[in-house]
Amino acid sequence: MMIDKFNTILKELHRKSPLVHNITNYVVMNNTANALLAVGASPVMAHAIEEVEDITSISSSLVVNMGTLSPKWVEAMELAMQRAKELGKPIVFDPVGVGASKYRTETALKLTDSFTPSVIRGNASEIMALAQISNSTKGVDSTADSKNAISAAQALSAKLNNTIVISGAVDYIITNELIDKVTSGSPIMAKVTGMGCTATSIIGACIAVDSDYHNAALCAMEIMGLAANIAEKKSAGPGSFQMNFIDALHQIQTEQ
Amino acid sequence: MMIDKFNTILKELHRKSPLVHNITNYVVMNNTANALLAVGASPVMAHAIEEVEDITSISSSLVVNMGTLSPKWVEAMELAMQRAKELGKPIVFDPVGVGASKYRTETALKLTDSFTPSVIRGNASEIMALAQISNSTKGVDSTADSKNAISAAQALSAKLNNTIVISGAVDYIITNELIDKVTSGSPIMAKVTGMGCTATSIIGACIAVDSDYHNAALCAMEIMGLAANIAEKKSAGPGSFQMNFIDALHQIQTEQ
Amino acid sequence: MMIDKFNTILKELHRKSPLVHNITNYVVMNNTANALLAVGASPVMAHAIEEVEDITSISSSLVVNMGTLSPKWVEAMELAMQRAKELGKPIVFDPVGVGASKYRTETALKLTDSFTPSVIRGNASEIMALAQISNSTKGVDSTADSKNAISAAQALSAKLNNTIVISGAVDYIITNELIDKVTSGSPIMAKVTGMGCTATSIIGACIAVDSDYHNAALCAMEIMGLAANIAEKKSAGPGSFQMNFIDALHQIQTEQ
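Read top to bottom, the protein sequences are chains Z, H and Y. Per this note's numbering: the first sequence = residues 3 to 258. Per this note's numbering: the second sequence = residues 3 to 258. Per this note's numbering: the third sequence = residues 3 to 258.
Fair warning: there could be bad hints in the mix.
[Stated by the list, open to error] Label-pair restraints from in silico Cβ distances: (1) H:P73 x Y:S59: 24 to 34 angstroms; (2) H:E77 x Y:E108: 12 to 22 angstroms; (3) H:N163 x Z:T118: 22 to 32 angstroms; (4) Y:T10 x Z:K236: 32 to 42 angstroms; (5) Z:E108 x H:K161: 48 to 58 angstroms; (6) Y:V172 x Z:Q258: 44 to 54 angstroms.
[Claimed, not checked] Calculated cross-link-like contacts (lysine-lysine; reagent style DSBU-like; alpha-carbon spacing at most 30 angstroms): (7) Y:K18 x Z:K235; (8) Y:K104 x H:K18; (9) Y:K18 x H:K235; (10) Y:K112 x Y:K87; (11) Z:K112 x H:K104; (12) H:K87 x H:K183; (13) H:K112 x H:K183.
It should be emphasised that the hints constitute simulated quantities derived from the structure, not laboratory data. Values in this document were obtained by computation on a predicted structure and should not be read as measured data. Note that beta-carbon positions come from the ideal geometry of N, C-alpha and C, so glycine has one too.
Sequences and hints are given; from them, build the entire structure.
In structure tokens:
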């Protein structure tokens, strides 16, 4: 049944090519745009407060990633998220590095509380910081095993009534009592910048075509894991992995 | 004769290594800098209003791309374009996503009307939106065939007395009554972010060494198409295509 | 002995995985983050004045690169550098394009004079411009041989009592009377955007684990040269070189 859902989402991505509005960080923009194109979606990157509401209005979903946040960008995120809520469009939020600075923590809590993203994806440290569970964060990389964040994610999901994704060696997709896990993937992913951000964007594509957000997030993580497994076999290191991963996403899309 | 003009431009790029000033979007900066280096030009990315006039002054051409526009950047574009006009330096303008938001449309029209870029390159939807011909835009990707934009491009070219490039499966280079087309290229280009932006930058390199802007734009699109054909044969998907495309540009430059 | 020091630094990078705070330019963020991950460091990119002091405080070193500078970013650089000085954390500074505009020159001189970076890396033109030796700069690429900048670098080093790295076909690492050179590397590096910025970031990683900054900078340039030699053999052009270079960095780290 999982295979059926997986293929249905890939077919819908191909058929609809949903416009996915990304307000994301400078580091990963190129990679996430290419990942979205490879799975069949149509990415648009726009962050000016003068236009984000217009762009969200014509898009099928909104991806908000605070990796290189600053006040103007946060203001744009708020406007876009407000518009998405008004229009009933799904939002995925990536609280990159929450816990690493007071500003990141305050911003992540404010965006989460004000706009209740449909899905939130982070590594274990980030999910624990967002749930305000004490933990040590080290910059933007996790210092904890994803398993340790399950109860934090469950508490968050119960409070927000949404879907929380903890990514790591094992990924957990959590919606209230429901827990799914994805064990595919590759250790080399931790050596490539922005693989988590790419996962968030692909969740953004999947929630654009499947209103069951838990299922959409699960399929997105399965797509990530499958592409990583394909890419790993062809790669001599993190440089070639980054390239082969995009090829693999495209291969999965075209072979569905 | 086309081959002669093509080789002359490649030789001039190699001989002069023109400095090309880019005010462009966050998504493509790395790729377009590498594409410019590969064809023999010397890219400089600078956007602060405190320095754009200085940088334009020492450059041989100016590339303005509004892919991730915001007010400060638009102000910088205006200063740089004004300086380029004063110094008689060629400008290529890429109205990314014009039509997708009121802000993009207003900005594109303002920059076009105020500074009359030497060359404008866009996809069919963008050229039609810029010519204020009714059409449906979907984010930054075209929903129309490039052929449908020919009359819009001709009207624009006649009004502005400049060169308009419509890129797509077939590219059209239009200067008043003169129409050239380029049929080389690869369908995979639509699956790689920023290939249009790369075309715009390479036009920026070519107009820096050939004052016949129609010819320069035509050669730039031929370089794009040839590199795409070379890269396509070696590529397993859009990831490897992006890499092989840069290698192919460099190969074309070194083998001219 | 060089080999020993080199391996010691690689082992320390692997063991400590130091957090390296980067305030750098838009063009190279993805590449430098991947280069830092490949050599074993943990990169964080953050530039908001609201958080840079917090991020510097939890980091082991600070990388400041002014490639796409603007006033808000310069303000953030100042705050982060001030905090790093207070906490005794090493700083590496990359004065990209100093000399190409009045704004760049003023900013580079101000940051250098106010905060005395532990290491400064630039090409020959940049080091001469920073030492206020008359020279012609062309955008962000050097117009001079690295050898011509040795006396400028020595004067700078004597004045600042720090380490100056001139990169080029031959790299010079200069601390007062001490001069080391690195002759490995590849001519193709000049055709890939941001290789100098990558060198600066890897210096940032090495000074995080070795308080002998001259030695750390020398090892960083040796790592660059060695990775370039490995990558060059596998590459068909600058596109594949960029990818193979990251793979090679990772290979050097894992095989130390």
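For each hint, the structure was consulted:
1. H:P73 x Y:S59: 24 to 34 angstroms: For S59 of chain Y against P73 of chain H, whose Cβ atoms are near 32 angstroms apart, the range 24 to 34 angstroms holds.
2. H:E77 x Y:E108: 12 to 22 angstroms: holds, 20 angstroms
3. H:N163 x Z:T118: 22 to 32 angstroms: With Cβ atoms ~53 angstroms apart, the hint is violated.
4. Y:T10 x Z:K236: 32 to 42 angstroms: holds, 33 angstroms
5. Z:E108 x H:K161: 48 to 58 angstroms: Since the Cβ atoms of E108 of chain Z and K161 of chain H sit about 50 angstroms apart, the hinted range of 48 to 58 angstroms holds.
6. Y:V172 x Z:Q258: 44 to 54 angstroms: holds, 52 angstroms
7. Y:K18 x Z:K235: holds, 29 angstroms
8. Y:K104 x H:K18: OK: K104 of chain Y and K18 of chain H at ~24 angstroms, within 30 angstroms.
9. Y:K18 x H:K235: Violated, at roughly 43 angstroms.
10. Y:K112 x Y:K87: Judged against 30 angstroms, a Cα distance of about 15 angstroms means the pair holds.
11. Z:K112 x H:K104: Status holds; Cα separation ~29 angstroms.
12. H:K87 x H:K183: Holds - the C-alpha atoms of K183 of chain H and K87 of chain H are around 28 angstroms apart, at most 30 angstroms.
13. H:K112 x H:K183: holds, 28 angstroms
Of the numbered hints stated above, those contradicted by the structure are hints 3 and 9, listed in ascending order.
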